[in-house]
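Could you put together the complete structure from these sequences and hints?
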Amino acid sequence: MRKDIYFAAKKVLFEGVSKEELLNDLLSKSNPNSSKTITTMFYGTLRMYFPFQPQLKKINQDRTLKKDIKLLATMAYVQFFQMDSIPDYAVMDEMIKLLPAKFKNVKKHFTWLLHEILRVGKSLDFSGFLPDYMASELKLSLGANFALDYEDFILNPSKKYFCLDSKATFDTAIKLNEDYPFYSISSFGSQVQKEILDQQGVICELNSMLIPYYFDESVGKDHLDLCSAPGSKLLCAKIRYKNDRIVGVEKDKERFVSLKKRVGDLLEVENVDALEYLNQDKSFDRIVLDAPCSGLGTLASNPEWLEFKNESIHHKKLPGIQKKLLKKALAKLNKNGQLIYSVCTFSKAETQDVIQEALGEQYKVKKLPNLIGEKHLSTEYGTYLLPSKKMGNQIFFVALIEAKH
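Residue numbers (our numbering): 5 to 409.
Source of the hints: derived by calculation from the structure; they are not laboratory data. The beta-carbon is built from N, C-alpha and C at its ideal position, and this holds for glycine as well. One or more hints might be untrue.
Computed Cβ-Cβ distance ranges for the label pairs, DEER-style [claimed, not checked]:
1. A105 / E19: 17 to 25 angstroms
2. L128 / K393: 20 to 28 angstroms
3. E311 / K143: 17 to 25 angstroms
For lysine-lysine, the following DSS-like pairs were computed, each having C-alpha atoms within a straight-line distance of at most 27 angstroms [to be verified]:
4. K108 / K14
5. K7 / K70
6. K286 / K23
7. K112 / K101
8. K126 / K71
Here you go:
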């Protein structure tokens, strides 16, 4: 089991392979009773890899380590301190067995390293592990003290939520607010996930589920969702606006196929570039623009990005695409129609700056309502939805824009 997890984590961290695909493969080959252990070890290793490296360097007395050794050491740390059910001696033995043949000459040193991790692991201070440019972006958008708060959320497992039109009957499901169909659940086993999806439910981040619910209820019946895949916001819109016309648009062919499979015949979806679709002579009362973004607000769910996300990604190409999409989408709003611009990032260049440049005199940014006790940071050009114990570990930016023309 550990060997498979090691190779899967290696593919995610060093080759950029999808972790969801690899986890599904791991679980399909294992005993169902081991699914929680496998998931915890796999995601824990991904989550701790980047934050653990400065500490590992100190433990190893600033000596250089190969990536494979760093990964094995991270796996050991996760098992020592985040998985109490596994005895330390068993972890030590299994990790030494996992050492690739080409590194057998460092077996003695690796054994010493594991003992040192076990000895000092409880006292490690992980604060300040974010790359400098990410910390600077957080300071610019959310204030000087938020970087350390966000690091704490990244270091902890993401919470699980689902949206379901019918009443949830799972034993551990808790409805978050009587007015909205959002639930938290302590255990998301494969059977529970299947039951939720079979009932046309949605499993995703809570901040993402909220997006279609921010529209004023008095806004009309035509709803457009741009850049729709994977479909969570689209399906949440269907749950809220049961009798309305809802259209989803997705450019990427592979993502569209997955989207179509997910929504089936419930909704109208088209495989077309959003910019091309907006050239058509159509207008809408509600538009959701979940624009392509750097995803920096999802580091708690995608900690592997700390290893290969680079500084230029959210300062060059993305803001230009976002502004172009937003300007064209705003022009397709009916009178008094509303558009929600949402991105799962905290980069000011992709959030406030986009709205500021695209907003004309005929549009206004409305104050975002607080629906279920979410944590807001409001600005002139939109609202950051912040992580909290109740809301989960991600950062979203949402701008609710109304057409005055």
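Lying within 17 to 25 angstroms: is that true of the beta-carbon distance A105 to E19?
21 angstroms, holds
Taking 27 angstroms as the top limit, are the C-alpha atoms of K126 and K71 close enough?
Between K126 and K71 the Cα gap is close to 23 angstroms, so the pair holds against 27 angstroms.
That 20 to 28 angstroms hint for L128 and K393 (C-beta), does it hold up?
23 angstroms, holds
Run the distance test for K112 versus K101: straight-line Cα separation, threshold 27 angstroms.
Between K112 and K101 the Cα gap is close to 12 angstroms, so the pair holds against 27 angstroms.
Looking only at beta-carbon atoms, does the pair E311, K143 fall within the given range of 17 to 25 angstroms?
The hinted range 17 to 25 angstroms holds for E311 and K143, with Cβ atoms some 22 angstroms apart.
Against the 27 angstroms threshold, does the CA-CA distance of K286 and K23 hold or violate the hint?
38 angstroms, violated
Can the restraint linking K7 and K70 be considered satisfied, given a maximum Cα separation of 27 angstroms?
With a Cα-Cα distance of about 17 angstroms, the restraint between K7 and K70 holds, given a limit of 27 angstroms.
Going straight from one Cα to the other, do K108 and K14 come out at no more than 27 angstroms?
19 angstroms, holds
Checked against the numbered hints given earlier, the structure breaks only hint 6 and satisfies all the rest.
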